[in-house]
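Asks: The lines below spell out each chain.
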Amino acid sequence: MKLNGFTIGLLVSFILSAVAHYIKAPFFTTTVQFIISCIAIIFVAGFLGKATESVAHYSGERLGGFLNATFGNAAELIISIFLVKDGMFGIVKASITGSIIGNLLLVLGLSLFLGGLKFKEQKFNQNLASYNSSLMLLACIALFVPAIFASSLTSHENSRFSLIVSVLLIVAYLLWLLFSMVTHKNELADEVVEHGEPAWSKGTSILMLFVATVMVAFESEWLVSTIESVAHQFGLSELFIGAFLIAIIGNAAEHSAAVLMARKNRIGAAVEIAVGSSLQIALFVSPVLVLVSFLFGNPMNLVFTTFEIAAIGVAALIAKSISQDGRTNWYEGVLLIVVYLILGIAFFLV
Amino acid sequence: MKLNGFTIGLLVSFILSAVAHYIKAPFFTTTVQFIISCIAIIFVAGFLGKATESVAHYSGERLGGFLNATFGNAAELIISIFLVKDGMFGIVKASITGSIIGNLLLVLGLSLFLGGLKFKEQKFNQNLASYNSSLMLLACIALFVPAIFASSLTSHENSRFSLIVSVLLIVAYLLWLLFSMVTHKNELADEVVEHGEPAWSKGTSILMLFVATVMVAFESEWLVSTIESVAHQFGLSELFIGAFLIAIIGNAAEHSAAVLMARKNRIGAAVEIAVGSSLQIALFVSPVLVLVSFLFGNPMNLVFTTFEIAAIGVAALIAKSISQDGRTNWYEGVLLIVVYLILGIAFFLV
Amino acid sequence: MKLNGFTIGLLVSFILSAVAHYIKAPFFTTTVQFIISCIAIIFVAGFLGKATESVAHYSGERLGGFLNATFGNAAELIISIFLVKDGMFGIVKASITGSIIGNLLLVLGLSLFLGGLKFKEQKFNQNLASYNSSLMLLACIALFVPAIFASSLTSHENSRFSLIVSVLLIVAYLLWLLFSMVTHKNELADEVVEHGEPAWSKGTSILMLFVATVMVAFESEWLVSTIESVAHQFGLSELFIGAFLIAIIGNAAEHSAAVLMARKNRIGAAVEIAVGSSLQIALFVSPVLVLVSFLFGNPMNLVFTTFEIAAIGVAALIAKSISQDGRTNWYEGVLLIVVYLILGIAFFLV
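Quick note, the sequences are listed as chains S, X and W, same order. One point on numbering: in UniProt numbering, the residue at position 222 of the first sequence is 222, and numbering is uninterrupted. One point on numbering: in UniProt numbering, the residue at position 1 of the second sequence is 1, and numbering is uninterrupted. One point on numbering: in UniProt numbering, the residue at position 309 of the third sequence is 309, and numbering is uninterrupted.
No lab work stands behind these hints, which were simulated from the structure alone. Any given hint could be a false lead.
Identical copies look the same in the list; a pair holds intra-copy or inter-copy alike.
Below are the DSS-like pairs computed for lysine-lysine, each with C-alpha atoms no more than 30 Å apart in a straight line [claimed, not checked]:
1) 123 - 185
2) 264 - 24
3) 24 - 118
4) 202 - 185
5) 185 - 264
6) 264 - 123
7) 24 - 202
8) 264 - 85
9) 120 - 264
10) 85 - 202
11) 185 - 120
12) 264 - 202
13) 85 - 123
14) 118 - 85
Same shape as in the complex, but just chain S (with noise of 0.2 Å):
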């Protein structure tokens, strides 16, 4: 990585807002931490990007989305973990849904629609379009079965189902990575594609991926704190604000990776960062803080709301009905941002 113009820009922004995230000086006000911190967003996110490429490079398509998806969600799960050691159980399913909705019609729609004004038709590997929309119905039957039945059952039961649907959807979810990557692997893989010289060699692609999302991390985190409080002022629910603006801002890096691979027209991968990552937000993260909860002593069960569920089961739909023929273009880009907006209109009023 050579000291060039963008890793001067990168490294000045992160430094910067770290400085004004810690360092409590009085013309740091909110305002200026949020501006500096978006400046600094959009330099990480470049860098995730491009390491993400760079390793997609030697390992395909998918294992390349599936280790940002991965690293990105990892951020997402320790901060949810210290939500519910705190019992705040509302916030982290809200954010589990914008999560969820998030980077079905957000990301996905950009992706579709900035990768389909450049490029008239993008085509990913239709089979796992299929397994895609039959691993989202199974979050989705997650979710509806605990809520359909909750209140026939006492609030000891409800736990007691909830721990075992997690149980059940974590194995579903290790046996899905396990027939992916190992046993139908070749069936997955999107056709192999030329893209010319790779950035970095295969070791320091690997080490760049991790530290680009370990900044992603931190950076999220400074703008994510500045954004409530920003919020606060305009007076928006919290509901709206943990299912829509934390999940954007808090998500913006990996959103940006997946428009990035879109307009290179490497498709693939930018649904493996949308949809794998919604798959791997419910059929892992949101088991293992179920699990967590228990070994706090303070059990979290999978009911969620009504608009919750609403909300996520329109997503999957939309998303497997516009991604099942392996083929995209901006108009189904279109279609998913308009569904998300529609979503994101019934939030912000509630």
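Add chains X and W to chain S, keeping to what the hints say.
Replies: Just chains X and W, lined up with the frame of chain S:
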């Protein structure tokens, strides 16, 4: 257009039914008017079918079907605007519901069934089927989300939400026209088939389509005016009349045009008339009525009843399931008609 | 059928369990009966599988599977008619629900999983998968619409509505047989595969299938009679016993036949047994029971509980999502089984 038997029958029956409608002579009882209008609608339907076919010869199946659907819906839009002005929102929503399910189930069902009796398998563009599904899903989401959130919002918030959703739907529909008629026109076109000589020149065909549509609009209006009084004699409910009788009789001519196309193995045009018309009503006519209601200062919202949403959702699901492979046969028509009958009986009994 | 070890085991275990059931000797405790019946069901299941395979050799996978499903359901229909006569509608509906989700999730899931462990990918006719989805959707609509409208109708109107819907479903099912077995038989057939020499001649095969089915019906009945008393000892609810235990044990033989077919790479026959059997129950057995109840003068309606409709809807959705590409593997089996477990636990807790 030569003065053959068909033309004479068309003109005589049309003029007779006009006379019966406007001149309140004692021997023109409602029953007589009803019978004359029924004969006339068969002739104008045949005329509209012929005009659609001739336009489709020049413009391709899809544009021909689109023009047919648009002209047909224009008449319905005008009638509905008057109802909105009078604040009769319940009847407007019932007739929107009736038009959508009538087109998706009855028109499409009869076209597939009667077309399928003649041809073992009929094919249309599979890409188009896939977009039709996604757009119909968007329409369902736009009905479902406002209904879910309705009880948690004030009446003013509901109106505002419906207004924004309406604007989003209109934007999505206009972009769909841009996408399907301009940027990705060829991907959505049916295979070119030779259909022999058209009846008229290009200009005359368009003129005839326009004339036929105007005749259909008037004849439908006259027929509807008789059917209401006939129906009330048999003690049928407003909801059933609005959602079924008016929708069937009022769209009789378009229905016949779709069936006629199917019988000539132009199933692409038939699907465009049926599904395209549903989409236009859900994504354009219905939101425009919401906008118009705001101009009248008496805002109508998009909150439909549970029965109406269930009916539209069920119709969209089965139509999607059946049409998604781009191939049709008689049994798929049977399935659609069976679902239409189940819904019809439910609305009749309720 | 030569008197080899298998035949001897089959006859001895069957006769022993018959003796245990009918002769109330003191040493034939319920537990002893249960163990004998379990051994016997393994033998009759093997016999049924062998007979199905032999018939399928002559008739093709689908007709063989259809005969297997029909014979299996005939026994259940007869048992249910006696329950309807006694007005035990709740248990009848629970067992209908259990049979449908048991076939769609457990039988199909085990077949795909165990077949998939042996073969990397198994294929069946994709057209058939598409029709199966549409028919299952019709079945769901026929459960959903009466339930939605139920509270707005009088008890008499509900019965009348259920009666009409039942007639429509039976008509749709008979037309489906006409379509799939006569007019479009070839379009829905699986590719012909050479399977070596069949065990019996054509006539003997059909006779053996009949004999095996009768043995299965009796053995299932005997096993079910013991399982109920065993289950009650463990304090299980009626709903759980009806929808899960009886459905699993009562269909154990058919289940084994499907798995056996899958292990021989005849996944088309396995799908036909599992999905075809579900469809037959939903579209034929269940409506016939409604009709029969009217003849008994004590009308049963089609209004199922929310839990039952949710379970059937969820099962239909995931089965559709997984089977729609006509290709199967072990992980798709895992997904179906996970959903079955989630539903099973929910019904167990409620």
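Asks: If a hint holds in the structure, say so; if it does not, say that too.
Replies: Here is what the structure says about each hint:
1. 123 - 185: Classified as both; 18 Å inside a copy, 18 Å across copies.
2. 264 - 24: Classified as neither; 41 Å inside a copy, 71 Å across copies.
3. 24 - 118: Neither: 44 Å inside a copy, 64 Å across copies.
4. 202 - 185: within (20 Å within a copy, 43 Å between copies)
5. 185 - 264: both (23 Å within a copy, 24 Å between copies)
6. 264 - 123: Within one copy only: 12 Å inside a chain, 35 Å across chains, cut-off 30 Å.
7. 24 - 202: neither (40 Å within a copy, 75 Å between copies)
8. 264 - 85: This pair counts as neither: shortest intra-copy Cα distance 42 Å, inter-copy 51 Å.
9. 120 - 264: within (13 Å within a copy, 33 Å between copies)
10. 85 - 202: neither (38 Å within a copy, 68 Å between copies)
11. 185 - 120: both (28 Å within a copy, 12 Å between copies)
12. 264 - 202: For residue 264 and residue 202, the Cα distance is within 30 Å only inside one copy (20 Å; across copies 44 Å).
13. 85 - 123: Classified as neither: same-chain Cα gap 43 Å, cross-chain 48 Å, threshold 30 Å.
14. 118 - 85: Result: close neither inside a copy nor across copies, 46 Å intra and 45 Å inter.
Hints 2, 3, 7, 8, 10, 13 and 14, counting from the list given before, are not met by this structure.
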